[in-house]
Amino acid sequence: MTDSLLSIRGLSVEFKTELGLVRALSEVSFEVPRNSVTAVVGESGSGKSVTSNAILRLLPDTAQSSGEIELNPQDGEPVIITSLDERDPQMQNLRGGLVSMVFQEPMTALSPVHRIGDQVAEAVLCHRDVSPDVAWAEAAAMLEQVGLADAESKMRMFPFEFSGGMRQRVVIAMALICHPQLLICDEPTTALDVTIQAEILVLIKSLQRKLNNSVLFITHDLGVVAQIADRVVVMYNGQVMEIGSVRQVLKNPQHPYTMHLLSSMPGAATDFREKNKNWSDGAAIGAGTFLVEADAGRKIREFRELSP
Amino acid sequence: MRNYLARRLLGMIPTLAVISVLVFIIIQLPEGDIVTSTLDRLSATGVDLSDDRIQNLRAQYNLDQPLPIQYLGWIGNFITGDMGFSYLFARPVNELVWERIGYTLLITVCALIFTWVMALPIGIYSAVRQYSIADYSFTTIGLIGLATPNFLIALVLMYLGYSWFGLSFGGLFSPEYLNAPWSWERFTDMLSHLWIPVVVIGTSGMAITMRLMRANLLDELKKPYVTTARAKGVPPLKLLLKYPVRIAINPFISTIGLLLPALISGEAIVGVVLNLPTTGPLLVQALIAQDMYLAGSLIMLLSMLTVVGMLLSDLLLAWVDPRIRYERT
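Chains as they are written, first to last, in this note's numbering: chain G, 1 to 308; chain B, 1001 to 1329.
Bear in mind the hints are in silico, worked out from the structure with no lab data behind them. Just so we're clear, the structure is a prediction, and the values are computed from it rather than from any experiment. Watch out, some of these pointers could steer you wrong.
In silico contact screen, one side only, chain G against chain B (beta carbon under 10 Å); selected entries [unchecked claim]: (1) L84; (2) L94; (3) F103; (4) W136; (5) S163; (6) I184; (7) E187; (8) K251.
Per label pair, the in silico range of CB-to-CB distance [claimed, not checked]: (9) G/D129 to B/S1137: 40 to 46 Å; (10) G/P112 to B/P1068: 49 to 55 Å; (11) B/S1137 to G/K210: 31 to 37 Å.
For glycine and all other residues, C-beta sits at the position ideal for the given N, C-alpha and C.
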């Protein structure tokens, strides 16, 4: 047993499709420590979102998964999420209670026909035995906390009257209102414009410090990683490539794919290549062989965990 | 909202005016009129009328006036609540229509409720358990129901009812209650007859309602807000009913207005087969005999019901869906 809040051990996910089984994740293992931000970074299709959805068991019925996900809450028995049944009350308790999630598409993540306040307050009512008035008041307080001015009146509005950034704040409020120990953010800023992106990132980070919870942050953006994360998990093709502290992974990447990913960043890349001329070649060769071998469907190299 | 309502109500006036002209033209389109069809019947029994008497008949029925005058006469009386005189039944149209339109609405509304109560849960189940055996079975049964003409189902039910139970399902009342005044016994007698037309007419809408509900719900189930609600910890059944079903049901509310005329006209053949005291068979008779006041007034009334039904369904939709409500203000 570890002291991490969340441990993923040997998680594999396959999807049944008309073309047969498609493997989305193979043998993914990593830990999410307490009171920190862990970023999972990788390109499209690398299995980041599948991993995060697997934690809350939100994968479609066509998915078959194996492996173990264990949640070790601060004050309570550890739960093996993967062994729970969909209808298990413990599962409902977990979703939105201990672990909650912020999604990529704020424009569609809220029900179009329910009032903002009702949707946020519902999260409270699902997990605690309080009166609707109390839930409503708590929702108002939470919405103020995520920076929605004049929350009381905004709560009577509908999502289509809100901008994307405002909706994402609502989704974050909804996720945090039951004080989850783990907040999963699945590319929460991808659909937003750059200024709003920065605001939302600052918000997530400051709330994490304030509420003392852990954040699992899914992104493809290394700039965001540098800004928000304490630890980084690099994924490619459904496998974990490298795990380390943000400083180590960004400054001193060990895996060829990480080097490749870093050198593909526009802007930062020139500076980065200049400084690490010797890598560029290595990264290029490394990435080259990496891709060839990945095509062959083999596991390239055991990833190395440098700084636990 | 009040502005909107006033605008819609005012907008109904030109719509109904245009409909009334169309109705009148359509009724005039077939060759001949009530006098010629009366003459046909008379000559079939060997009676021939003199030209003078024919002219008199025409004058009596206002048929010697130009068409626009005839139209104005009809619509003018219609607005004041007098729908004219039925030559076929030799009674005022008002009497004929009012006694039937009540039964028509009763059967139509019951059939609509029957359709929804049966079809919506099946549609929801088929969507949630897509491609399951039950989904395929319901689809098959639904398509058979869709492909079978209503009157055939009515005939089969009548035959089975008669040959197995010795029951006669024709009409809405047993013979002894047909002309009796309203009483509790007459009411229960009506209920015991009512279910046959309700089932027969309701079945016709079931298949399409079922399939639409299934398709709508499948679309909604994929939407991210469903995942959000799941991630929030809403229990599965509550989630299904509160979020995707709530939204998938909206299109049905907007079709209530369209369903009314479809059910009423679909009911005509069933009404003839089952000998129901509804407007459908009356309209068919009136059209065959070219009884223009009766036919015209009936079609006009049904059109009005449709227009009002559309308004009602729009108001209902605005009530349940805030996106529509707010676009208007």
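Okay, the hints, checked on the actual structure:
1. At a threshold of 10 Å, the smallest CB-CB gap from G/L84 to chain B is about 13 Å, leaving the interface hint violated.
2. Satisfaction of the interface hint for G/L94 is found here, the shortest Cβ-Cβ separation to chain B being roughly 7 Å, below the 10 Å cut-off.
3. For G/F103, the suggested interface contact is upheld, since its CB lies about 6 Å from the closest CB of chain B, less than 10 Å.
4. A cut of 10 Å between beta carbons decides the hint on G/W136: the least distance to chain B is about 16 Å, and the hint is violated.
5. Here the hint on G/S163 is broken, as its CB sits about 16 Å from the closest CB of chain B, past 10 Å.
6. Given hint, G/I184 at the interface with chain B, holds; its Cβ is 8 Å from that chain's nearest Cβ, closer than 10 Å.
7. The beta carbon of G/E187 comes no nearer than 12 Å to any beta carbon in chain B, farther than 10 Å, and the hint placing it at the interface is violated.
8. Residue-level restraint check for G/K251 is violated (minimum Cβ-Cβ distance to chain B is 35 Å; threshold 10 Å).
9. Remark: the range hint 40 to 46 Å for G/D129 to B/S1137 is upheld by a beta-carbon distance near 42 Å.
10. Taken as a hint, the range 49 to 55 Å holds for the pair G/P112 and B/P1068, whose Cβ atoms sit roughly 51 Å apart.
11. Taken as a hint, the range 31 to 37 Å is violated for the pair B/S1137 and G/K210, whose Cβ atoms sit roughly 55 Å apart.
The structure is inconsistent with the numbered hints 1, 4, 5, 7, 8, 11, although it conforms to all the rest.
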